[in-house]
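There are 2 protein chains.
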Amino acid sequence: MGELIGKAVEGELYYADRKEFDRIRSLNAEPAVRTALFADMARLNALYMIARAGSGHIGSSFSSMDVVSWLHLNEMRTNEDGSARDLYFSSKGHDAPGLYAVMIALGKLPAEYVHKLRQADGLPGHPDVRTPNMVTNTGALGMGISKAKGMAFAHRRRGLDVHLYVMTGDGELQEGQIWESLVSAANDKLREITVVVDHNKLQSDFLLSQTSDLGDLPAKFAAFGWHVERVDGHDLGQLAAALERCRKADGPQVIICDTIKGKGVSFMEHTAMESDAAQYTFHSGAPKADQYTKAAQELIDSINRQLDKAGAASLELEKVQNKPAPQPGETRRLLPAYSDALIAAAERHDNLVALDADLLLDTGLIPFRQRFPERTVECGIAEMDMVSQAGGMALKGMIPVCNSFACFLSTRPNEQIYNNATEHTKVIYVGWLAGMVPGGPGHSHQSVRDIAAVGAMPGVTILEPSCPEEVAPLLDWAIEESRGSSYFRMVSVPWQVPFALPAGYKPSVGHGVRVGGHDGEAVIVTYGMVMLAQACAAADLLKQRGIGLEVVNLPWLNRVDGAWLAKTLAGKSALFTLDNHYLDGGQGERVMTAAFEQGLGGLKARRFGLEKVPVSGSNADVLKHAGLDAESLAAGIAATLGH
Amino acid sequence: MGELIGKAVEGELYYADRKEFDRIRSLNAEPAVRTALFADMARLNALYMIARAGSGHIGSSFSSMDVVSWLHLNEMRTNEDGSARDLYFSSKGHDAPGLYAVMIALGKLPAEYVHKLRQADGLPGHPDVRTPNMVTNTGALGMGISKAKGMAFAHRRRGLDVHLYVMTGDGELQEGQIWESLVSAANDKLREITVVVDHNKLQSDFLLSQTSDLGDLPAKFAAFGWHVERVDGHDLGQLAAALERCRKADGPQVIICDTIKGKGVSFMEHTAMESDAAQYTFHSGAPKADQYTKAAQELIDSINRQLDKAGAASLELEKVQNKPAPQPGETRRLLPAYSDALIAAAERHDNLVALDADLLLDTGLIPFRQRFPERTVECGIAEMDMVSQAGGMALKGMIPVCNSFACFLSTRPNEQIYNNATEHTKVIYVGWLAGMVPGGPGHSHQSVRDIAAVGAMPGVTILEPSCPEEVAPLLDWAIEESRGSSYFRMVSVPWQVPFALPAGYKPSVGHGVRVGGHDGEAVIVTYGMVMLAQACAAADLLKQRGIGLEVVNLPWLNRVDGAWLAKTLAGKSALFTLDNHYLDGGQGERVMTAAFEQGLGGLKARRFGLEKVPVSGSNADVLKHAGLDAESLAAGIAATLGH
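Protein chains in written order, with the UniProt record's numbering: chain P, 1 to 643; chain L, 1 to 643.
These are computed hints drawn from the structure, not numbers from a lab. Heads up, a few of these hints could be off.
No farther apart than 30 Å at their CA atoms in a straight line, the calculated lysine-lysine pairs in the DSS-like style are these [claimed, not checked]:
| no. | chain 1 | residue 1 | chain 2 | residue 2 |
| --- | --- | --- | --- | --- |
| 1 | L | K567 | P | K572 |
| 2 | P | K426 | P | K572 |
| 3 | P | K572 | L | K572 |
| 4 | P | K189 | L | K426 |
| 5 | P | K108 | L | K426 |
| 6 | P | K189 | P | K248 |
| 7 | P | K426 | L | K612 |
| 8 | P | K108 | P | K309 |
| 9 | L | K108 | L | K426 |
| 10 | P | K612 | L | K572 |
| 11 | L | K543 | L | K572 |
Make a model of the complete structure from these sequences and hints.
This is the structure in structure tokens:
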């Protein structure tokens, strides 16, 4: 799950090109020998891709690499014309860099994509069907087996003999949908489905056993009627034998592969963690420059030892001087402000409880857990369960605060949030990674429809702080003043804050506040760090063209005070809104509706926001593709104003 | 799940009042004897309540009644002041009539509530915490164990010793959240939670084994680390012994109770079904008058035999002459039109597949399944799995049509619908029971936020047919013209249709059509059978006051063509919208936004729609409470116009 924000590695990076992979595949050696070599070379390339992109999941790309390589080199059938027949995909999708490296090595993805991980014109952070040979969109957890069942149904209807290999994580098995999906696969005897569990024992932050222990996993699958195998996921002989036995099963099969997270680089292997280490650090993000160099060298040495043993020449490497794009100037983050505000609130309220779904680090809860271990409830990757637990706590006098990524929190437990809302209790939901940036992870992680999804929950107020200073006032309002529940949209990326709240600012429901821009005829209403920064920059550009655009922060995403709006627009000739969200269901609709209901006719009006699924890429590219960067905004506003 | 629409029974109905229950509880007899008597009397009262209300779930109220009675009479502890200490609730909530009957008999609910099932001033169709002694809101499936865990956490924090008994259905075990919730209960050794499975083997329509077989249920729970017992759920001695063993367990326990759906009335017992019977008919709805009389008599006879055997006097019964409120005049239904349109589409498209989540009857799929058994996929109560399966099918060339109740379909698989949408395939979602009526089932089943929840899915068009004639044209548009996916909101209740589509009507995206009302200065834009009928009736009332209100049907719930709207409003002085949905995120916001963006200022404007959680009650009461009946609408419109 985690989406740690990393930094691209600067300096010399290495990768192997396709002809080296071709050489290895044609070596006169046992399949297991060739495959192990291939896998280590793919590890080297995945490491390159992640180091270059500045983020990606090393740990699971490496733990699953031997299995993914074996399946693609030795197991999956091709049609007579050479096209793929059997299908493989990863349900979790986090291990995409590993899969991409394998697919590039096999010529199933363009060679230049090795340089284009998490770029708008290249490979998205999680798989997408618009990329060649990607089978289904993943990144949202737990859907893979269901998807495979649907495909199996279609294949059977069409008389096609296609075997489906689905990789899942082990933390992913905490998702309820996995267990939903097992039932009919067994009842319908879908023997063309083989699930491989990458059982690397680690979740985003901590050991599975510390997060939400899975217990007797083979017994669970067996009780659900599946054929179960368990092997060392790095022992290709064991794996081949298990796959052979699976072929004889008369129903769906699961192979639980015991693997090592970060396998292949000694200091990235989770088994190398000090027993008192706070957490595993190579789940997501990018290695530091020295870590990269050390890891790459270790892989290269290992590959060359294997080549030498097989009587083959050493690896020929491609070298790239990587010069990452300059980082934006001074940036700020909401996360520390939230950690502090939550702890302060918990000091005042001994019934405040923080719940987490395997994202303690990304949601700023590590300090909270240190301070209040007995009031931290780790639910594992089980958002429905987390939200309903919170509902139960709230009924019994607690103030539960549910934390996750906004894309998951607003959607997976959507009915559970509503169920809580109908009980008229108070639950606080805090969704991180809100909005379209970071653009690296792709649409499964870009939360750009949560205002809509949570909007119509009665009594639930949606808020987004504009800067670190606004976090505590809004959180305190939710805890101490609001009678109902609240949902917070939180930007995770560090971002510029070229504006400031007025001195003595105090939040007031449905009221916005001017924070920047230049006096003039037009007003733009928006919210959050990312869009306020764009709006301010656009206002500066417009000023050069003689247009005054006033920038208003309205942190209330589903509450607009009509009288305040009328006052704000008095004497103005144009109203713009800017959503870090799809236009449909965003704040803009609510603002425009309020303006119309106030009888404020005759103004020029335009909503800016997402109209299509956002791309995966650099933050700048994502904003630009959506027409929401400062330049596009300024041009759009000027056009609307007739300038 | 099912919510068959029944009819209240007219004529003489019977129930037992509290003093008769008190008499039975003080009988000098074994607890098992007293409890069996109590349970049969509660069955008689639940039958009365359902017959009087015209709907409710007989089957599961009866199958669970012995267990519920035993727990309340013999197992659950009270505090020294007589207040409840241990807590019981049903996770499925369908069996509410049974629980209500028990609670009324024990004096834990007001005596007059026996006459007020599914009434706005009485008992909601599914439990709600605003009713005395109801522990949590249920009706949406699978949340109960999670809720109990949250309560257990709060109790432990507060140093309270409270045991939690949670009833689940067996069909309910198909929901993924159940399996999510089992994990931490076992890891945290929550021995204060006892789950009782009402294993009556039947789902809404068919046998569990025909729907989505559960396989080896005890093995499943055991694999998840729970202490497992299995008993005959009508054998109180077995039950008592199992509960005794549970008390010694050091973790959470589950008691799988083999029960008979409809237990207590011979012809309602599922075991009495002919082996070739199409389906079980006493899941939801109400008995017919002769069925009621026969069932009541059978229960009374059985009770009197038991009383006689215990040396006690016969039952004293209260009699009520029930005269149901008059039904509305001629009504029409969308369901048959949908069944026909779907079959016709499937005749044209051999890749069209219908998927169902245990609601074949309520979603009109019985004829489809008869015609195309090989293209009907029954998923059980597993909406996430259904939607992701549909996604897999669509990727492989099928046109999947997912059917369920709108309240579940738009929310439980919300992230799965989005995942499919990001693949840019075509999936049709058809959500029944849309809107606030029927009001009987209560808010868990009233789908009044699905426009918001599904609205911001890129490429997904939301539609609601206004009358049977509009079903096929809209469905055909979705299947044959739309490039993206569609979500249909379908009214389930029979309703008046005092309007007609113009001759030669052809749907056009974002365009509405005038269907009724009277020429004049004001326009109301709305959709669907229920609200169009209200709007037309309001227009008639307004005409008497000299106000002309034109009624426009806009079946596109998240698409508004601005030019069409401007044309429609030309020369008008007021725009009203009417949502069968919360105001927040409804069609009204989209219409008002489009009007403002068209520069149509200066009109009087008001949105009508839900502002609070709707009540559970008669359809008329539900509309009236929300201020959305014709009279309230007319008054509101007149006031806005200054009349």
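Going through the hints against the structure:
1. L/K567 <-> P/K572: Given pair L/K567, P/K572 holds - Cα atoms ~26 Å apart, limit 30 Å.
2. P/K426 <-> P/K572: Distance ~39 Å between P/K426 and P/K572 Cα, so the pair is violated.
3. P/K572 <-> L/K572: 25 Å, holds
4. P/K189 <-> L/K426: At roughly 27 Å apart (the allowed maximum being 30 Å), L/K426 and P/K189 satisfy the hint.
5. P/K108 <-> L/K426: Judged against 30 Å, a Cα distance of about 26 Å means the pair holds.
6. P/K189 <-> P/K248: 12 Å, holds
7. P/K426 <-> L/K612: It holds: about 16 Å lies between the C-alpha atoms, which stays within 30 Å.
8. P/K108 <-> P/K309: With Cα atoms ~29 Å apart, P/K108 and P/K309 stay inside 30 Å; holds.
9. L/K108 <-> L/K426: Roughly 51 Å between the alpha carbons, so the hint for L/K108 and L/K426 is violated.
10. P/K612 <-> L/K572: 34 Å, violated
11. L/K543 <-> L/K572: At roughly 16 Å apart (the allowed maximum being 30 Å), L/K572 and L/K543 satisfy the hint.
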